[in-house]
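> Here is what each chain is made of, one letter per residue.
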Amino acid sequence: MVELAEQKNIAVETMRINEKTVSFSSGETILEVARRSGIYIPTLCARADLPSPGSCRLCIVEVEGIKGYVTSCTTPAQPNMVVNTNSPEIERLRRGILELILSEHPSACLVCPIRETCEKFDAPSSKTGRVTGCNMCPNRDICELRQLVEYLGLEQIKYPFLYKGFPLERDDPFMDRDYNLCILCGRCIRVCQENLGLSAISFIRRGHGTKVGTSFEKPHVDSNCVFCMHCVDVCPTGALTVRGSKWYGYPDSETSTTCILCERGCELVIDTKWNKVMGAHPVRDMSVGEREYCVKGRCCLPALFNSPDRLKYPAIRREDSKMIYADWDHAINYVSDLLSHYKPREIAVLCSRHLTDESIYALNEFARVYAESNIFYIVDRDVIFPHVEKSDGICKDVKLLYLTEANSFTNGIQEKFGGLENIVIQDIYASPLSKSPKVSAILPTTVFTEMNGTKTCADNRREPVTKAAEPPGNAVPDWEITVNIGNALNNRGFKMKDSRSIQNHIQMHPWIIAAVPMVPKDSLTYRGFPIADFVPDFRIFVERRLQSKGEVRF
Amino acid sequence: MYEVLERSEIFNVHKMVIKAPEIANSINAGQFVIIMGSEYSERIPLTVSDWNTDTGTITLYILEAGISTLELARMKVGDSLYAVTGPLGIPSEIKHYGTVVLGGGCYGIGGIYPTARACKEAGNKVIAIIEARYSPMFYHEKELHAVSDQVLYATVDGSRGRKGKVEDVVTEMLEKGIKIDQAFFMGCAEMLERCSEATRPYAIPTKVALNSIMLDGSGMCGACRVSVGGETRFACVDGPEFDGHKVDWKELHKRKRAYAEQEIVVYQSYSHECLSEKKLRGEL
Amino acid sequence: MALTTKERMAIERHRMAEQPPDFRNRNFEEVPYGYTPEQAVAEAQRCLSCKKMPCVSGCPVEIPIPEFIALAAEEKFAESARLIKTKNVLPAVCGRVCPQETQCEGQCVRGKKDIAEAIAIGNLERFVADYERENDLMEVLKIQDKNGLKTAVIGSGPSGLTVAGDLVKLGYKVTIYEAFHRGGGVLVYGIPEFRLPKKIVEAEIGALEDLGVKIYYNSVIGRLYKVDDLFHSMGFNAVYIGVGAGLPIFLDIPGMNLNGVFSANEYLTRSNLMKSYLFPEYRTPMIVGRKVAVLGGGNVAMDSARTALRLGAEKVTIVYRRAREQMPARAAELHHAEEEEIEFRLLSSPVEIFGNEGGWVTGMKCQRYELGEPDESGRQRPVPIENSFFEFDCDQVIVSIGGQANPLITKTTPDMKVNKWGYIEVDPWGRTSKKFVYAGGDIVTGAATVISAMGAGRRAAKAIHEDLMKESDETFTQGWW
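Chains as they are written, first to last, in our numbering: chain X, 10 to 563; chain C, 15 to 298; chain F, 33 to 513.
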């Protein structure tokens, strides 16, 4: 910081905090200087990445020459200032302030002498509705109040407990809110206002009844809240929680990956428990200003990827026209056998934009070698057919469709492909099309949290995709299926073996990836399936937004 | 069927009055029902806190503490439960004991009421002791006062009655030399254990209403088995009340936590299907 | 076109196509796909229509087997199913769950040399019943005019459904009391989906309801009402008790109450009735074991083992005290279990189950047995070999060693006689010592088969009709049987 200031030719001054000389640049507050110098000052409302309102008063410090105590988060540092951040008197005052804050927070457990015995007996549970004590609070392990109670050694609260008695707010999609736990620090309001410019929430009502809410106390879904959950990430208490993930408690593991639901390609940490996606959150030490993610990646993944509708086992059509499960060897042989019965130009391969680079490349190569460029991409429901011969908009030649996004094809397949005989589906969910008698094989594949690879996102960034969870049943990544079928056909020079060889190919032919259209930011689908079909909370959100505003913003 | 006629919430304890005339007609103090909120629900045992044969209703106090109780907590007047099976279990043994102490915490505050009423009718001196974290968390007090000679309070923050829990009040009474002929306790397993330990040194006959995990409630599955005095008993048909001094608490605590993991998984899909459906129906 | 005996003899037994073991052991769909119509006809043509009809004598409900097979051979599948239904109201169920190899098929002349060569009577029964149901050819049965008499049936299992079906056809007002929230008894809570799809049971119960049978769910008789209440305050003329055996038996060895030890009843009820295999859509949780040990050698043990496999167990071991030949399980189930690579540790019996700090099962200690002298049931009695202990790791134990009589009803009906094991004592027609109270199925015999419970129900229905007609002093209507 000092170096930075020197580089930018900003004046560097010095001051003393707790007998330690520290330098600062003008405009910094005492709190900022202290934090930078490794001196701890307790705060509940201030955060380094948010503007400071000076509302919790816990950051009070002594400044020589100033009568009384000042809040360090709002007092600018001055040259030669002498600051003391800690003294018995300051501690006493802070305890008093904390006591007042806690008198409106269910805090019996925070200061309970037998808390440990109690936690030994009562298994901690965040499954209750109304939180009346720490053992019920989903936030207990990262609670800033609890940390402060321990830091200040608070043993009792002399004020009577005043329960605010707000009803639980559990009717909005994705989030649960219990403002009886809220300490009115205002972080959520500031993050919504300053960082996102949405100002969906603000303090409402007055006095003891003050709470955070939308204008006219409309449900969040009817406000301009976009459910990005930044407010949840900054809340120091358990007042705001993400409903889908809170019961899980701590994840077994956390894996950093890239969300490929749209072109933005946000960095996301996937929480997994029992080898399943249980939630996702931003990289923790990233400041809120840098974070970019939306409700799709933050909240929809568990329900989307753990859906019981996921395809789990490959299925092929038996001679008596019944679909039966088969193992991969059988399925691969069956499909390659099927493909070998058609002339290359009778086969059309469809490539989903949601595939990873490896899968797209493998599919392209496969199509180029076998189907002689009969590959096309989907842009929502409009299909681009660059190379398929058409007359009156009907592709008469195509007899076998190889789909990686079957749901985009549920309607109109007869009209578009007059002479269609067989369909091979390689997808993640069962779609209405998979019941069609023309479907001869269904190959289950993985979603992006279940595979390794890369994905080219906006601005030509190639972001890593990392495996975080186990796929259901026998599903395998798209590129693997393609490569296996290609190798089973064996006689036409398809040479890819593993993801590394594909990587090499991609580097040599980057235009193949570049030819695939990007998924726009406001896309509501994953591989042709509306996310709303699998995440009902998302459905509510989208429907309400379309109804009231005519568009969905993320 | 099984319509919800009345609903209210007292700090996470949900009162629910349900239309179930057959059950109201045949139930006795100490018995319970097994409830399914919807076709997808688990079967969970709940103590019946009151009933009315005239209106054909039963009253339940449900502590919201998991997925099944969340589902019940979100039910409104006019909704219907999918299944209410009961009465189940053996009724409390009611006779003339002398002085009877009944201790209850969370849902047990309502749960001890029928036994208190029956004991009072049998001519006993009834002392009810109820505990909560804060004073506003008490409920069903008026009714309890009506059937008790004395109602004592215990709160964790000391805002009403004695600071502490039920067992502290019991110990204090016993130390003072107050004679107790029979004790009944109802509440979470942890509270039952602590209360049983409090009466053990004084050899007070102690009955505790166990709430182990159940499935069918008719003795068919053995999910609810508990060790009492070295013997395996089924809480659903041999209980729910057992001698608190003989129960193997360690085993009970462990058995009660058997499904902690699975319950969490279910929450995700629940929040999606049910809350959203209600919202779609325009109940938001 | 009639075939000659020689031609018939030349046809080989048709096996039903099945899901391959590697796939079915991970899904809950039914294992055999069933016959195609062509296969059914060909299989039916194998029947020699012999005069002696030994198969019929092997059937507890005496289905006219050669006749229904002959109809099937003529492709009159629906007629064939209806013919079976005159004797057996649940053919789609029995075709799937009966131990045919010890009943009809065990008597078949074509199976004299090799049981595997007998006519596939069960498969055919299943096929014609499925054909009728799937093609919407089920006809509503004719029922006689209401006779004004009311009968209560406790339990909606196979015997209860049989009694209800027979009586409602005779004009009785029939009310079934079921303790669970779904009807079907053991067919729903006990037998897994992959062996008996529940839609079949639902269809059968729906058919009964269409006939006017009223089913009250969630009604535990013995608690909600006593048997006497049914007569006095509810005004029933007769009561049939078909509540099944009920209480599970646990072994008296250390570690039986550890987490992860289930009775087969609990395990199967969770999976089947509460559908926890569809967890978390259905919210009843199920602990998925990695290494599962199943104690016992009956059908229930096989069902539990195969359910465990489908729920995701890596390895399932069946621990059984006797030898394979003495396993009471259906041959097809044993065969399926072996195909699905379930391990068998025969002639072994557990002596201790080990647990960890948290109270969860970690392993098991067993003792080896050898076969000794035959006991009164004719099976060789297993004798423990001294100092022949062995241990293995497991994290789930399913106890499937049978059950006891559930005392809920017998205890609240003191004037009804029970034997020393708590089972209800009845005469051959299902009459108990209490007037107008009848009983049948597992609560009389102890754990047995679906078809024998149905046979008992059929006889009891006849007895109820006979007794009530005598009582109401009306002429006994002939020709219904």
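Since the hints were made in silico from the structure, they are not lab data.
Owing to the predicted nature of the structure, the values given are computational and were not obtained by experimental measurement.
One or more of the hints may lead you astray.
What the hints assert, rightly or not - Here are the simulated DSBU-like cross-link-like pairs (lysine-lysine), alpha carbons at most 35 angstroms apart as the crow flies:
hint : chain 1 : residue 1 : chain 2 : residue 2
1    : F       : 38        : F       : 84
2    : C       : 270       : X       : 285
3    : F       : 347       : C       : 270
4    : C       : 190       : C       : 109
5    : C       : 260       : F       : 38
6    : X       : 285       : F       : 84
7    : C       : 177       : X       : 173
8    : X       : 444       : F       : 38
9    : C       : 33        : F       : 347
10   : X       : 282       : F       : 38
11   : F       : 119       : F       : 38
12   : C       : 264       : X       : 282
13   : X       : 220       : X       : 136
> Would the pair residue 347 of chain F and residue 270 of chain C pass a check requiring their Cα atoms to be no farther apart than 35 angstroms?
holds, 26 angstroms
> Keeping to a limit of 35 angstroms between CA atoms, is the pair of residue 285 of chain X and residue 84 of chain F held or broken?
The given pair, whose Cα atoms are some 61 angstroms apart, is violated under the 35 angstroms limit.
> With the threshold set at 35 angstroms, check whether the alpha-carbon distance from residue 177 of chain C to residue 173 of chain X stays at or below it.
holds, 22 angstroms
> With the threshold set at 35 angstroms, check whether the alpha-carbon distance from residue 444 of chain X to residue 38 of chain F stays at or below it.
Given that 35 angstroms is the threshold and the Cα spacing comes to 44 angstroms, the pair is violated.
> Could you grab the alpha-carbon distance between residue 119 of chain F and residue 38 of chain F and see if it respects the 35 angstroms cut-off?
holds, 31 angstroms
> Within 35 angstroms, alpha carbon to alpha carbon, are residue 260 of chain C and residue 38 of chain F?
violated, 74 angstroms
> Does residue 38 of chain F sit within 35 angstroms of residue 282 of chain X, going by the straight-line distance between their CA atoms?
Roughly 64 angstroms between the alpha carbons, so the hint for residue 282 of chain X and residue 38 of chain F is violated.
> Decide if the proposed pair is consistent with the structure: residue 270 of chain C and residue 285 of chain X, CA atoms, cutoff 35 angstroms inclusive.
It holds: about 24 angstroms lies between the C-alpha atoms, which stays within 35 angstroms.
> Can the restraint linking residue 220 of chain X and residue 136 of chain X be considered satisfied, given a maximum Cα separation of 35 angstroms?
holds, 24 angstroms
> Check the hint pairing residue 190 of chain C with residue 109 of chain C against an upper bound of 35 angstroms on the C-alpha distance.
OK: residue 190 of chain C and residue 109 of chain C at ~26 angstroms, within 35 angstroms.
> Hey, residue 38 of chain F versus residue 84 of chain F, does the alpha-carbon distance stay inside 35 angstroms?
holds, 19 angstroms
> Take the C-alpha atoms of residue 264 of chain C and residue 282 of chain X, compute the straight-line distance between them, and say whether it is at most 35 angstroms.
Given that 35 angstroms is the threshold and the Cα spacing comes to 28 angstroms, the pair holds.
Consistency with the previously given hints fails for numbers 5, 6, 8, 9 and 10, ordered from lowest to highest.
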